[in-house]
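Between the sequences and the hints, there should be enough to build the whole structure, so can you do that?
Protein chains: 2
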Amino acid sequence: MTRWFAVLFLLVAGIARADEGMWTFNNFPSDLVKARYGFAPSQEWLTKVRRSTARIAGGCSASFVSPNGLVMTNHHCVRECVQQLSTPQTDFIVKGFYAATAQQERQCPAFEVNKLVDITDVTAELTKATQGKEGAAFRDAQRAEIARLEKACATAADIRCDVVTLYRGGMYNLYKYQRFQDVRLVFAPEEAIAFFGGDPDNFEFPRYDYDVSFVRVYQDGKPAKVDDYLRWSARGAQDGELTFVAGNPGGTSRLLTVAQLTYQRDYALPERLFQLAQMRGMLDEFQQRGPEFTRISNNLKFGVENSYKALVGRREALVDRDFFAKKVAEEQKLREWVKADATRQQRFGQAWDNIAKATDTLREMRLRLRLLEQSAGAGSDLFGYARALVRASEELPKPNEQRLEEYAEARKPELEQQLFSPAPVYPKLEEALLTFYLTKLREQLGPDDPVVKKVLGKQSPRALASKAVSNSRLANPQVRRQLYTGGAAALGSSKDSMVELVRVLDEEARAIRKRYEEEVESVADKNGELIARARFEAYGTSTYPDATFTLRLSFGQVKGYQGGDGKPVPPFTQVAGLFERATGEDPFRLPPSWLQAKPRLELQTPFDFVSSNDIIGGNSGSPIFNKDAEVVGIVFDGNIQSLGGEYGFDESVNRTVSVHSQGILEGLRKVYNARRLLEELGQGGGG
Amino acid sequence: MTRWFAVLFLLVAGIARADEGMWTFNNFPSDLVKARYGFAPSQEWLTKVRRSTARIAGGCSASFVSPNGLVMTNHHCVRECVQQLSTPQTDFIVKGFYAATAQQERQCPAFEVNKLVDITDVTAELTKATQGKEGAAFRDAQRAEIARLEKACATAADIRCDVVTLYRGGMYNLYKYQRFQDVRLVFAPEEAIAFFGGDPDNFEFPRYDYDVSFVRVYQDGKPAKVDDYLRWSARGAQDGELTFVAGNPGGTSRLLTVAQLTYQRDYALPERLFQLAQMRGMLDEFQQRGPEFTRISNNLKFGVENSYKALVGRREALVDRDFFAKKVAEEQKLREWVKADATRQQRFGQAWDNIAKATDTLREMRLRLRLLEQSAGAGSDLFGYARALVRASEELPKPNEQRLEEYAEARKPELEQQLFSPAPVYPKLEEALLTFYLTKLREQLGPDDPVVKKVLGKQSPRALASKAVSNSRLANPQVRRQLYTGGAAALGSSKDSMVELVRVLDEEARAIRKRYEEEVESVADKNGELIARARFEAYGTSTYPDATFTLRLSFGQVKGYQGGDGKPVPPFTQVAGLFERATGEDPFRLPPSWLQAKPRLELQTPFDFVSSNDIIGGNSGSPIFNKDAEVVGIVFDGNIQSLGGEYGFDESVNRTVSVHSQGILEGLRKVYNARRLLEELGQGGGG
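Residue numbers (the numbering used here), protein chains in the order written: chain Z, 90 to 776; chain F, 90 to 776.
Copies of one chain are not kept apart here, so a pair can be met inside one copy or by any two copies together.
Taking lysine-lysine pairs in the BS3-like style, the calculated list, with each CA pair at most 27 Å apart, reads:
#1 K584 x K487
#2 K217 x K446
#3 K390 x K517
#4 K446 x K415
#5 K398 x K648
#6 K656 x K603
#7 K556 x K390
#8 K222 x K487
#9 K446 x K416
#10 K542 x K687
#11 K398 x K547
#12 K543 x K398
#13 K529 x K398
#14 K390 x K529
#15 K656 x K529
#16 K542 x K398
#17 K547 x K184
These are calculated hints, taken from the structure and not from any lab test.
Note that the coordinates shown come from a computational prediction; the quantities given were computed from them, not determined experimentally.
Next up, the structure:
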């Protein structure tokens, strides 16, 4: 009898699978959650949760936590804004920021919050538009239809509409958002506590970070009213408790073909890592020139180090023999299912080889594509502004359907917010980045390449970079606005050095992008659609699409795991551990506020914790909540084992890392004495 | 008739194979050269050539070019010496160096030239010593026998003896060298012309480098007399001419198993490149701190950039699907031949799997091995000195056969020369390198690793590095000498900060090295021997061993090739092209000497050229000569396509790059007016 029971249990577990999946709200497996955890989210519950969450356009997630537009997210999601609001005299990254009154809330220079309003299936429209087309024709038809759908949907500047490709082309949905561009900073702790442990502790656990911040969305100069928001849990996350994460995972590659994964493993990831590693070395040493050099480059350095560590983890997943073999076997299985039937073989059989061929094309063009288009400028703001201006002057006069996608009518509010941002530009950093870029351009295309010759002439990369930065006036947003509104005539006659540099490159850059879109992207899209349909036919739709920086819901539970050294890692850390870990030296140096507050703090308060939710980059700032939709913490990281989650989920060790809700409150109360904020969170009584 | 002839020709060509091979002097395929080029080197010819060449212990090749110990090599092979002889006031890297009189020749601080005297086969001795042993026992027996053989051979301080493992263990030879440690700089051009085009032109062709230098070996304070040396060719290299290169290729991996190649592809190469890329970024920016920062770090920067580009090329060869598939097929073929016979299967069958298992072990221990042992200190001289002192004090009292190999009796002259070198130590650079090292240590082992905790305590990597450098007196060679001669007692009581740092790490470092030697290296050695024997039995010995930084001879011809863009690349460049390529900006800025000499120069003089000789890193400085053993140039590089030569040779595009002998003379005559040198080369009349 016992034995039978065990078998039965195994079968159920087999059906219930793992805590895997970044599920869309319109295909959430409530039955699966019920089977595993005894709770089935209702449609009502899902709607409420969906309406309580938000997306930060720059690449993060967030939640509404009061009826007055108060938004909770990570410190590292508002880090750029905090740096932009700082000056050499007042560095909010170092000293933190708290608006004790509504008047003290400060607008972020280029920050956009999106609240999802509606999802419409537009698969039929897209399929019809591209039917029978290939290559350039497929791409043009697809782009035109997307531009048309988005424009028709975005009826006002504060409505944002994105057509989203799900299941690598198996489904197209139109996501409609309310767009908030007036976003003001309410609270940001010192980076020393938000990112305590810095790069060495990044993606690690046990962890001691207070990575939480608050902003507020405004409408017509007043705090926006929202109907749905998340309340606070009384106890916060408990061991073994069922947890949900609602957020916007940026992208996963779990449905890529073996040819595409091989390309990632052998070319895309290592080559990106070579660039990041070099830039990291450059920034480390750049900061040695003085404290102001550190201040202006810290945000970039954080981003570079974070990407570096994340991609190292991804690469390691792909070079793992067993992991890769599983991917090969999965593909083989589907291909064999296709082959077993002549009709299926005719419909889908060529898809994998077509993608493999396109991947070969990509391999051959990858350096030019990266240098001239995808990573041109290596992050220089001035270069980015110049390119946006040059292209806007050429694209905006065209019919909406024929523009490069980022200049389509529906995208203009975003474009203009970025372009007119009053955020400071740092010439020394600009010079370093542009030197880096031009050096790489010459190194990787070779000094005899016609583009390189045209760009550099007889100049060295550093000399040209220095000249281009010092002779450009684009750091001034007014100048950018004049050039933008002046259109092609203004741009054409501009002698701005950065505009001139972009102009020299742009013909080649556009050409290689066009080739990429027609010969690689459109082939991958079209054949990806075919594979997705084959997968639906073989396995049904009881699966989730790759992440696409759109709203997803994942479930899991608070749960420790076994570390790399074989020892168990408990799910919680406590405030006490933070003080034990502090060394007094950066990045393990506590800010004065925490050191002073120590006697008042309840040292056993849970600080950070892990859960088995399936997340990835972009989920930063997501609320993590219980079955009553109450906040039990805020997601800020994954553990090191979760980095392979790009390609597949391993429930035994993949973990989401969150700040515990009790830890958040303890800090707000006893370290920051943030009464106004606590009251708004319904936690005023405890202060 | 014609058709028959063609078939016959193809068969011969089939036997004659390609211009592939870095052949040992005791197994040179004269017949093969005869078949391809109509000239069979005689034993006498080989002996003369062998005696005319030299090795630079630091990792280069060279040749004797006068009876008075004059040695020709590359500028980049004496670069370190040139920097060490420079001061902030007089930078010979920038202005070049020429000793117009014998008295002006200047001793290089730590430079060793080796002249091969004799080769003895010691395969039987080694095989006997290790028979029936495995793991630690195999390793200990092998090391003891090698130490014994080398000590017995090295009867004087100026005799150097190295046991060399050929064919990955198929053969062991004892190489006996005359050792010259008094080496003086005679001529070095400005780096701006020696390395014209810098990193962008490195490994490229067409090329315009004057990468040649001269040093002189001394004995008892006088120029050493040598019986054999190479004369100068009257015309220099001609298109299509048969050429030989005699030199010391550092290492190739053409006989590695697929498991080992996979490890190289997925772990060793990318991870080394991540380090190099970061260090490169660091050095680029370090140099921005001022001209003196540039001067002291230029040598390192050159090395880092050179390795980076070389390893990028190697990695690209291994991720090439077709190339890798060929390697897999080759191994499969040999394994099947082994399997086809039960005795063979019993003798050799397990070898590949054993190596694969050892490679898995290596993968698992690789980070600790690299950080604690192989790359500990990240190139800091002070760290290197401290470690050598600490270990010498422990190793030298042991019996010769039980020491770590670099402390064996026969290696002491080298150890002591390095240790007592008067070369300057640059504290700022030391600090940067040590910070880099300690940061990586913490990053890759994690801040909670016991070694990391022990090393750093509560300090940051930068704080500790700065303290360790400023509180160390090891920059002074006298201090090092005292500690060395003081032995364990002196070291034990030393409070030198760098000695203390090394001491904290050393137990763990030795432990991981021991584990590596016993569980990885000895397994690869033992099973490599088995595979080598299987290969001999299957294919005979008509093949060449992987390179081992010992003297090899390669043949080929002056020959252009087809570039990556499909266009033909002619085999020669001329002086005229140098002036056309110059931009006036570094690294395309010509030194004043060449600009001033331009009117006097014969602009059609050949400058650099390519040939199909099979070479690799370590061959730098090798003479390239014709069938009359006359110098037609000096090897200084391979083209970009040759970088995959680490794993296999592709005659269609792999090329050796040399400075043409006529170009060398033109410069010596008309740019440098180096009469004394020209006369010694027998070229005085032309001056």
